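Protein chains: 2
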Amino acid sequence: MRLDPDELAAAGPFSKAERAAVYRAIETRRDVRGEFLPQRVPDAAIARLLEAAHHAPSVGLMQPWNFIVIRDLDRRRAIRDIVMRRNDEAAAMFEDERAAAYQRLKLEGIVEAPLNICVTCDRGRGGKVVLGRTHQRDTDLLSTACAVQNLFLAARAEGIGVGWVSIFEPDDLRPVLGLPDAVVPVAYLCVGYVAELFRRPELEARKWSKRLDLESLVFAEGWGSAWAFPEVG
Amino acid sequence: MRLDPDELAAAGPFSKAERAAVYRAIETRRDVRGEFLPQRVPDAAIARLLEAAHHAPSVGLMQPWNFIVIRDLDRRRAIRDIVMRRNDEAAAMFEDERAAAYQRLKLEGIVEAPLNICVTCDRGRGGKVVLGRTHQRDTDLLSTACAVQNLFLAARAEGIGVGWVSIFEPDDLRPVLGLPDAVVPVAYLCVGYVAELFRRPELEARKWSKRLDLESLVFAEGWGSAWAFPEVG
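From first to last, the protein sequence lines stand for chains A and B. Per my numbering, numbering through the first sequence is continuous, rising by one, with the last residue being 233. Per my numbering, numbering through the second sequence is continuous, rising by one, with the last residue being 233.
Calculated from the structure, these hints are not laboratory results. All values derive from a computational prediction rather than experimental measurement. Be careful, since some hints might not be right.
[What the hints assert, rightly or not] Derived SDA-like pairs: lysine to any residue, alpha-carbon spacing no greater than 25 Å straight-line:
no., chain 1, residue 1, chain 2, residue 2
1, A, Lys128, B, Pro230
2, A, Lys210, B, Arg2
3, B, Lys128, B, Pro114
[To be verified] Derived DEER-like restraints, expressed as beta-carbon distance ranges:
no., chain 1, residue 1, chain 2, residue 2, range
4, B, Ala101, A, Ala9, 21 to 29 Å
5, B, Arg137, A, Glu204, 40 to 48 Å
6, B, Arg206, A, Gly12, 21 to 29 Å
[Said to hold, decoys possible] Chain B side only, calculated, beta carbon under 10 Å to chain A, not exhaustive:
no., residue
7, Tyr23
8, Arg77
9, Asp81
10, Val111
11, Pro114
12, Val129
13, Arg133
14, Arg200
Built from N, CA and C at the ideal position, the CB exists for glycine as well.
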């Protein structure tokens, strides 16, 4: 197939200010648990976040995602109750001090934020054989995670905080949200405006865990061989 | 634990220009197969991309990722040969016209781009029980995909193109890259500067598949109930 030359557009680096904005979104984005403001997120802002998510890369252009916008408080309370039950199970898996610390971390964002968005993955979309998924069936889940990350970054630029809840069994949400069998919930997101964000990951600020040193995570040519990190000027 | 108030910083929406830059990165990012320029990607630029990836959200701050920077041409040829073998298997899964079209799509980016980066996920990092991963073990893979998306967007802002290769069995790369048993390759990336990018996804431009209409993918309150999309002004 001959390609129309108009399909390609000039693409170079962004301006310095544009680059800084992209890095600012990436570096100041936080997983939000407790700083939500109650004000309504307008539909137009939600639409921008979903457009951003929909621009994620997907294996074979499968676009396996759907988005369920949830404002109804009763429904959110039902989901909060499910997560709280799972959270008690989770707390029991930690020992002593960790268990006590864990209990203090638990989140009410599902009802405190004015909006929840469930991002799902339709495992059957695109038919039986999907380009790029022939040898790694779960690449559709990775594509969906990329959509979530796009949403996260667009939200940061909009002044909207997002908290990603994962303390549930996928089947827990199926009846509440009416998900078909082939569809799995990948991310359950609490969404709302925020006036403040943690300067560093909240789990680090609360001394639950630490940021790893990036240099220790990068190898050259193969596992275990340190990559010579450039001096930062 | 009492939290130091300095842990929080004021956070509102970005300026209009900053928001536009973030959306520009999200909307113009492309999966690159054939437009790589041969010029070397400086270590300082690689370090910026990896910093962006390392700022991704991760379940329980697990940070399960590592990054293997691969420039060596012999190693990249060995990986290209593996992918080509898997690609022949994949082509055989498509029928007739699709199979012929598939053959025309196959990529040489692994050796044409000056740089490859393998992004891996260490399934054992953070110990046996990881906060937020108690009921969904694969959330570490989702976190790693978020790191890849951050890298993709930072690269777009830098004028660097990225192509995500997934046509291999995870174990294929283990011997070539010396990956430990607990570590899986999540994304194998071809990386290099680009002067042009497709205006729309290449698979759409090449009529392999189409972008889905976002409105058909968004539901209100539960699966199947259309969300009223706002009029765009």
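Given hint proline 230 (chain B) paired with lysine 128 (chain A) - CA-CA distance at most 25 Å: violated (34 Å)
When the nearest CB of chain A is found for arginine 77 (chain B), is that gap smaller than 10 Å? Status violated, d = 13 Å.
Minimum beta-carbon distance criterion (10 Å), proline 114 (chain B) to chain A: Check failed: Cβ of proline 114 (chain B) comes no nearer than 14 Å to chain A, outside 10 Å.
Interface hint for arginine 200 (chain B), Cβ within 10 Å of any Cβ on chain A: Where the cut-off is 10 Å and the nearest Cβ of chain A is about 7 Å from arginine 200 (chain B), the hint holds.
Hold the hint about aspartate 81 (chain B) up to the distance rule: shortest CB distance to chain A must be less than 10 Å. violated (15 Å)
Verify the CB-CB distance for arginine 137 (chain B) and glutamate 204 (chain A) against the hinted window 40 to 48 Å. Violated: the Cβ-Cβ distance is about 23 Å, outside 40 to 48 Å.
Verify the CB-CB distance for arginine 206 (chain B) and glycine 12 (chain A) against the hinted window 21 to 29 Å. holds (24 Å)
Is the interface hint satisfied for tyrosine 23 (chain B)? The criterion is a beta-carbon contact with chain A at less than 10 Å. holds (7 Å)
Holds or violated: lysine 128 (chain B) to proline 114 (chain B), with C-alpha atoms at most 25 Å apart: violated (38 Å)
A closest beta-carbon separation below 10 Å is what the hint needs, so does valine 111 (chain B) meet it against chain A? Given a least distance of 15 Å, the restraint on valine 111 (chain B) is violated.
Measuring from the C-beta of arginine 133 (chain B) to each C-beta in chain A, is the shortest one below 10 Å? holds (7 Å)
Hint consistency between lysine 210 (chain A) and arginine 2 (chain B) [alpha-carbon to alpha-carbon, up to 25 Å]: It holds: about 18 Å lies between the C-alpha atoms, which stays within 25 Å.
Consistency note: the structure conflicts with the earlier hints numbered 1, 3, 5, 8, 9, 10, 11.
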